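Asks: Letter by letter, the chains look like this.
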Amino acid sequence: EDKVVQSPLSLVVHEGDTVTLNCSYEVTNFRSLLWYKQEKKAPTFLFMLTSSGIEKKSGRLSSILDKKELFSILNITATQTGDSAIYLCAVETNAGGTSYGKLTFGQGTILTVHP
Amino acid sequence: NAGVTQTPKFQVLKTGQSMTLQCAQDMNHEYMSWYRQDPGMGLRLIHYSVGAGITDQGEVPNGYNVSRSTTEDFPLRLLSAAPSQTSVYFCASSYGDSTEAFFGQGTRLTVV
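Chains as they are written, first to last, in the numbering used here: chain A, 1165 to 1279; chain B, 3 to 114.
Source of the hints: derived by calculation from the structure; they are not laboratory data. Predicted model only: the values in this text are computed from it and were never measured. Warning: the hint list may mix true and false statements.
Unchecked claim - One side of the interface only, derived from the structure: several residues of chain B facing chain A at Cβ under 7 Å: (1) Gly42; (2) Gly44; (3) Leu45; (4) Glu102; (5) Phe105; (6) Gln107; (7) Gly108.
Cβ coordinates follow ideal geometry from the N, Cα and C atoms, glycine included.
Just chain A, with the same shape it has in the complex (with noise of 0.2 Å):
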């Protein structure tokens, strides 16, 4: 069965401070991994990582996933209010027979940024 952990699943900072979230995978034919991030309604896409070392970037927030370690981290620098949300990874596999990637969730971080 497929898994995916998040770690920490609840943290609270300051803003200004530099968070890093966590997310561990255990799956059989991995494709990549995604992580959005979750306000009040639908997630919202952050990042696709396919291979390993390569650190994707976006403005304050910037990912990197290690394939053979099998985890991915999510750090924001500087961090804001608007950046209180849940931070959800999720893991993109082959689902047999067709070539539907399949994605399995992790529990998602809360995130809370205090002013």
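Please build the complex by placing chain B on the supplied structure of chain A, with the hints as guidance.
Replies: Relative to chain A, chain B alone:
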């Protein structure tokens, strides 16, 4: 650009009632999926479809049916609602494998 549209946004059902959650996308995406989100459990895949006429079960399919008669629509049917189906339901679509999934705004369902 509507993206993925889910209706209704909120619904309260009595145990044993049936209903259909609607999902439509206007991006001509091949892949569509239904997830449920429960506290502390992330999103879990209920059913998915890789194209019109093709559907398959995900991780938690029991109590739900789907069909995909068109590329745009992927309704989720609850046959006989149970309190354990109280959850937030998300529909997602993507162009193909290894592409990002776009999510609808969710349907909050309460079964009493």
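Asks: With reference to the structure, classify each hint as holding or not holding.
Replies: Hints, one by one, checked against the model:
Evaluation of the B:Gly42 hint against chain A yields a held restraint, the C-beta minimum of about 6 Å falling below 7 Å. Hint status for B:Gly44 relative to chain A: holds, with the closest Cβ pair at about 4 Å, below 7 Å. At about 4 Å, the closest approach between the beta carbon of B:Leu45 and any beta carbon in chain A falls short of 7 Å, and the interface hint on this residue holds. Interface restraint check: B:Glu102 against chain A, minimum CB-CB distance 4 Å, threshold 7 Å, status holds.
For B:Phe105, the suggested interface contact is upheld, since its CB lies about 4 Å from the closest CB of chain A, less than 7 Å. At its closest, the beta carbon of B:Gln107 sits 5 Å from a beta carbon of chain A; the interface hint therefore holds under the 7 Å criterion. Of the supplied interface hints, the one on B:Gly108 holds, with its beta-carbon coming within about 6 Å of a beta-carbon of chain A, less than 7 Å.
Hint compliance for this structure: every hint is met.
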